[in-house]
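Engineer: If you want the building blocks of each chain, they are given just below.
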Amino acid sequence: MATTSVMGGAVRRREDPALITGRGTYVDDLQPTSLLHVAFNRSPYAHARIKSVDTAAASKMPGVVAIFTHDDVAHLGPLLAQVPIGKLRPLLSDGEIKHTGEAIAMVIAENRYQAQDAADAIEIDCDVLPAVIGLKEAKSDATKVHEDLDSNVLHTWTYHGYWEALGLEDQTPLVDAAMERDDAVVVSLEMTNQRLIPVAIEPRSVMADYDLGYDRFTVHSSSQVPHALSGAIATMFGMPLSDVRVIAPEVGGGFGAKLNVYNDEILVAFASKQLGRPVKWTETRREAGGATIHGRGWLGTATIVGTKDGEFLGYKLEAIADMGAYTQNFTVAIPLLGLWIASGQYKMPVSWTVDCVVTHTMTTDAYRGAGRPEAIYYLERIIDAYAREIGMDPIEVRRKNFWKKDEFPATMGCGFSLDSGDYDAAVDRLIDVSGYQDLLKMRDEARAEGRYVGIGVGSYVEVCGFGPAVLAEIGFSWASYGLPAAFNGTGMVRVNPDGTVTVLIGTGPTGQGHETTWAQIVGSELGIAAEMIRVRHGDTNDLPMGIGTFGSRSIAVDGAAAFNAATRVKEKAAKIAAHLLEAAPEDVVFEDGAAHVAGSPEKSVEWAAIAKAAYQAHTLPEGVESGLEENVVFSPGNATWPFGTHLAVVEVDETTGDVKILKYVAVDDCGNLVNPMIVNGQVHGGITQGVGQALFEEAVYDESGNLLTGSLLDYPLPTASDLPYFELSHTITPTDVNPMGVKGIGEAGTIGSAHTIVNAVVDALSPLGVKHIDMPLRPKRVWAAIQEASN
Amino acid sequence: MTVNGQEVSADVEPRTLLVHFIRENLHLTGTHVGCETGYCGACTIHVGGKPVKSCTMLAVQADGAVVTTIEGLATDDALHPVQEGFWERHGLQCGFCTPGMIMSAAALLAENSNPSEDEIRHGIEGNLCRCTGYHNIVRAVEYAGSKVRGEEPAAPDWEGTS
Amino acid sequence: MYPREFDYVAPATLEEAMGALGEDAKVMAGGMSLIPLMKMRLFSPAVVVDIGRLPGFDAVEEQNGHVSIGALVRHSATATSPLINLVATALSTAASLTGDVQVRNRGTTCGAIAHADLVADQPAAVLALGATMVAQSSGASREIAAADFFVDALTSALEPNEILTSVRIPKHGPGEGSAYDKLGRRGGRSDYAIAGAAAWVKMDGGSIADARVALTGVGTKVSLANEMAAALVGTDGSEAAVKEASQKASDDVTIIEDLYGTEEYKTHLASVFAARAVLQAISNVS
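Protein chains in written order, with this note's numbering: chain A, 1 to 791; chain B, 792 to 953; chain C, 954 to 1239.
Treat the hints with care, since some could be wrong.
[Unchecked claim] In silico negatives: residues of chain A with every beta carbon more than 10 Å from chain C: (1) ALA142; (2) THR192; (3) GLY213; (4) LYS404; (5) GLU407; (6) ARG429; (7) GLY482; (8) PRO484; (9) THR619; (10) GLY627; (11) VAL659; (12) LYS663; (13) PHE696; (14) VAL700; (15) GLY741.
[Said to hold, decoys possible] Quick list of simulated restraints, FRET-style, between CB atoms: (16) B:SER800 to A:PRO44: 19 to 29 Å; (17) C:ASP1205 to A:LYS60: 46 to 56 Å; (18) C:ASP1101 to A:ASP141: 14 to 24 Å; (19) A:GLU727 to C:LEU1036: 17 to 27 Å; (20) A:GLN787 to C:LEU1036: 52 to 62 Å; (21) A:ASP141 to C:GLU1210: 25 to 35 Å; (22) A:PRO84 to B:VAL857: 53 to 63 Å; (23) A:SER242 to B:GLN797: 40 to 50 Å; (24) C:THR966 to B:GLN797: 26 to 36 Å; (25) A:PRO497 to B:VAL857: 45 to 55 Å; (26) C:SER1094 to A:GLN274: 43 to 53 Å.
[Unchecked claim] Here are the simulated SDA-like cross-link-like pairs (lysine to any residue), alpha carbons at most 25 Å apart as the crow flies: (27) C:LYS1201 to A:ARG781; (28) C:LYS1201 to C:GLY1130; (29) C:LYS1196 to C:SER1236; (30) A:LYS660 to C:GLY1130; (31) B:LYS841 to C:ALA963; (32) C:LYS1196 to A:GLY599.
Simulated from the structure, these hints should not be mistaken for lab results. Built from N, CA and C at the ideal position, the CB exists for glycine as well.
Starting from the given sequences, assemble the full structure and let the hints guide the process.
Structural biologist: Right, dumping it as structure tokens:
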């Protein structure tokens, strides 16, 4: 039995029995009696001044209970942001609309259909104003997005200057000087890293129930960050945290979209408080498309300078990043996450400038990878172009410039120190498991037959496991919601009187299998089968503090907290067991659900007996406090720095531009694996989102600011028929940042894959002279690139 | 209509979608709603034994129909082989697309218990998953196919990956 | 997500159905096209006439030289019918590439034709196959040639008081064959067509005696490529000859740009898929 809790075991998930039988509970499944439903009237205009909002007819429609507009909620203030640079979002439009889909009025009715009927019947009269959509246009400041801001450029991140206190040296002169060298090869490309819509398959949903008797909230939300939401509600309504209970039940995917606290969550809470009834809103897919955060949206020029034999001399990125209209949670800070890994796995000076501009579009924020896929994409694409330019194997050129294993800890020019890495090992493994030499031969044979087969390689290093206390100083915490200024891990291990264990964790999983992984972590430490352990998360009544799940932080930060809590519980249990066994605590070991003296397993005491003793103060040894639970807050000294190298083989139909993925191999290093089954699942999904960006997905606003891709009809996602099986392998370079030597893996696949696919397609078409194609590589773009290269 | 073997009846507005009838009138919330264009397949159920998208059907269209939802797939406390496959082969993460995906896969195997990888991939093309990259879903269906055929499923492919 | 209110009529007979038709009424068979539009409130008929329960309209029948497909024959039935596959190959292929499994289980071939979507598969097939649409109105029935049926995007020649009760397709005779091929929105053949083409050919003694080619996805509506068809006639149907003729594929078509293709690209694809469909049709000649 105990084998099911072994660390490193592919343990089946505890979550699954409910989910495969339709018995999991998501927010929209909740249907308390007297439930009211919400629909929003949203703007069809990207930029407009509201002259009037007429709710008279709508308010008389069947089932309508209330309609709220800006004046009703203005006292709550705008939506709070962690990095409040720019314009904060008003809960309901404050008179000037700034993007299509912006909420103008909120209808509460007896059922969903009636709510929508009334929302449609609200009459809005406005003057339509010119919209700013293009990034270069926005940066020019020719037309202001917000009249009361000095510029459309909210902030400019630079490699050395993102944090003045660090006093870092600007490396731009080094990069510029390298370009002047006689032997310099300079390769430069302007590339788009397009705007994306996260599309968690579960639409966001929030239900608030205000208890008029006790003046307290119970809010269910499909959130990655329930504690942050409780803090936001407490802060905005001026209530004590003890009276705001937020529960994130099953959450159907997040990918960053559910990492924000949204205006609708605050508004639903407001409505419930006003009306004294439970109120629920579930977004429609088109609302998810246009009123839930978007990701990416960069336009930049990457330039690399190196020698003719493949030595990198410097890298420069000048980019514009689209913030959308309003600043929400981390909006302006997202590019910063890319900045920290701007130089990837390579040693070279870096000049990196990203202008954050506002446009009349939906807010951008963290979407799987958040800043890191963008940074790695530009770097790895330009490295590929450089390798092609000097005629060097793309793996060889990368390897030549890697930080070497014995050079860690490696301090980047941006000031961050990478604790560990072995980039050559991952590449060696990739060459081995992919059969790289055979693949090259296969590609060349295919080319000889006139087929367009290409091999793409892409490396990455990422920063995750947020994290270190130092990040709080630049806004990475929930401090604006009145919560602690740190993204610490939290975990509580409680042994119940019957010897079962309850583990309470501060994460907000959206499918990552935490109930299984944490049972393994704690069970392994305590010598208890995973079946005896119940892991709970997502209820702010359980734990006073939790950061949530994002930025591949859970295992490295909250996992470490739970591990340390388990260690402390074990230490205490050893004292009790020693007392019961009449032995010394240091001789006690825990195995198979019981404690015994090392070397004498025949005489043991089960956890149930230890637990009972723990709660019977009179039977405890002297000096041992009663109870058996430990609560740990874990503050890591550093982020974690997973890395890897991926390889894709593609074939292009040069007549139509159609791309087919023939093979995908990924070697990732996330340190020790707690559950390789779950880790692989994370990588599969991550790769697929990168493939989606590379081939299919793009959020498109037309020049008037209409979102053309708001439904799944025009936002194609990868389906099963578009993908091959993935071939995965791992190298293991443990970190010492946490006691388990684990690093995050949730975003690695996404950070490693988009450029790998594009590199492969460009390789396939390189005989035709194609040097770059902007994502998504839809057939039309691939075909156009072929035409352009041929002409 | 008959849902999971039980006769049910109710008066509903003509505009009530079948999925809302199932979720809100019958309180069978395992069938999910993920989009409004019939693309995601989270609402897939069986009507007359065939997989259909219950968000793109009016409840009144199903008057008199025989409906099976995810809650009715397992029998006699035994999981359906596809459910078992999803559990054994990690065919789900967040679980939101899972009921629809399982209903599609079960229908696929009912027609062909030995589908090729390509047939599986096309057979579940009408169900979107954003978590798994479909890799383990296809493996789960292969596992279930083996079970249906009375064969021993292939070993999971995460063994020996590191 | 939530349709507006409407009156629902589920007639038991065709006569009852006729009685319910009118300017604000919409006929629904499977609902795969109509319901999403209603959910997004892009289209909100006052009356929905659900013909889904009409008896006797779900048959695929062979009738002197034709195959007749009833109003309630699902895409899945069209796709898997051995008869249609044999004598109207382009249509069975087009049906098999329509939507996904669930959509094919509910949607009907006649519904897809009546919906006249400019990116749909089966309208192109029935155009190339020279099908005849049988439209029923109260007390009257008329036949509409496929070539006259697709008036514009989402607009057919059906009058508001008419129901498309069947589509009649001439069976392939000796020397005849047909095919359909497309490029889908995610590449491959999945999803709506970025470009698709259906072709029917009649071979006679090693040359093309007659041909029809129809395009979908590229223009303002599904349309026949008559210039290309004319150019095919008399050629030997070799790859070179077909590619040559396919240069005229879009001569009769008003090509339009969308998210998936520029005019230039769609013009190119029209030729590519028209040629692929014709070559496949020739190889399908039994």
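Engineer: Could you check that no beta carbon of chain C comes within 10 Å of the beta carbon of A:PHE696?
Structural biologist: violated (6 Å)
Engineer: Does A:ALA142 clear chain C by more than 10 Å, comparing its Cβ with all Cβ atoms of that chain?
Structural biologist: Its Cβ never comes within 10 Å of chain C, the nearest being 27 Å, so this holds.
Engineer: Given the proposed pairing of C:LYS1201 with A:ARG781, does the C-alpha separation stay at or below 25 Å?
Structural biologist: holds (24 Å)
Engineer: Are all C-beta atoms of chain C more than 10 Å from that of A:ARG429?
Structural biologist: holds (30 Å)
Engineer: Range hint 52 to 62 Å: satisfied by the CB atoms of A:GLN787 and C:LEU1036?
Structural biologist: With a Cβ separation near 43 Å, A:GLN787 and C:LEU1036 fall outside 52 to 62 Å, so the hint is violated.
Engineer: Does the claim that A:THR192 lies off the interface hold, with its Cβ farther than 10 Å from every Cβ of chain C?
Structural biologist: Answer for A:THR192: holds, closest chain C Cβ roughly 15 Å.
Engineer: For a C-alpha distance cap of 25 Å, please report whether B:LYS841 and C:ALA963 respect it.
Structural biologist: Distance ~22 Å between B:LYS841 and C:ALA963 Cα, so the pair holds.
Engineer: Does the Cβ-Cβ separation between C:ASP1205 and A:LYS60 fall within 46 to 56 Å?
Structural biologist: This hint holds: roughly 53 Å between Cβ atoms.
Engineer: Against chain C, does A:VAL700 hold up as non-interface, every C-beta pair farther apart than 10 Å?
Structural biologist: violated (7 Å)
Engineer: Check whether the Cα positions of C:LYS1196 and A:GLY599 lie no farther apart than 25 Å.
Structural biologist: violated (83 Å)
Engineer: Beyond 10 Å from every Cβ of chain C: is that where the Cβ of A:GLY213 lies?
Structural biologist: Holds, since 33 Å exceeds 10 Å.
Engineer: Does the claim that A:VAL659 lies off the interface hold, with its Cβ farther than 10 Å from every Cβ of chain C?
Structural biologist: Contrary to the label, A:VAL659 does not stay out of reach of chain C, its closest Cβ about 6 Å off (not over 10 Å).
Hints 11, 13, 14, 16, 18, 19, 20, 26, 30, 32, counting from the list given before, are not met by this structure.
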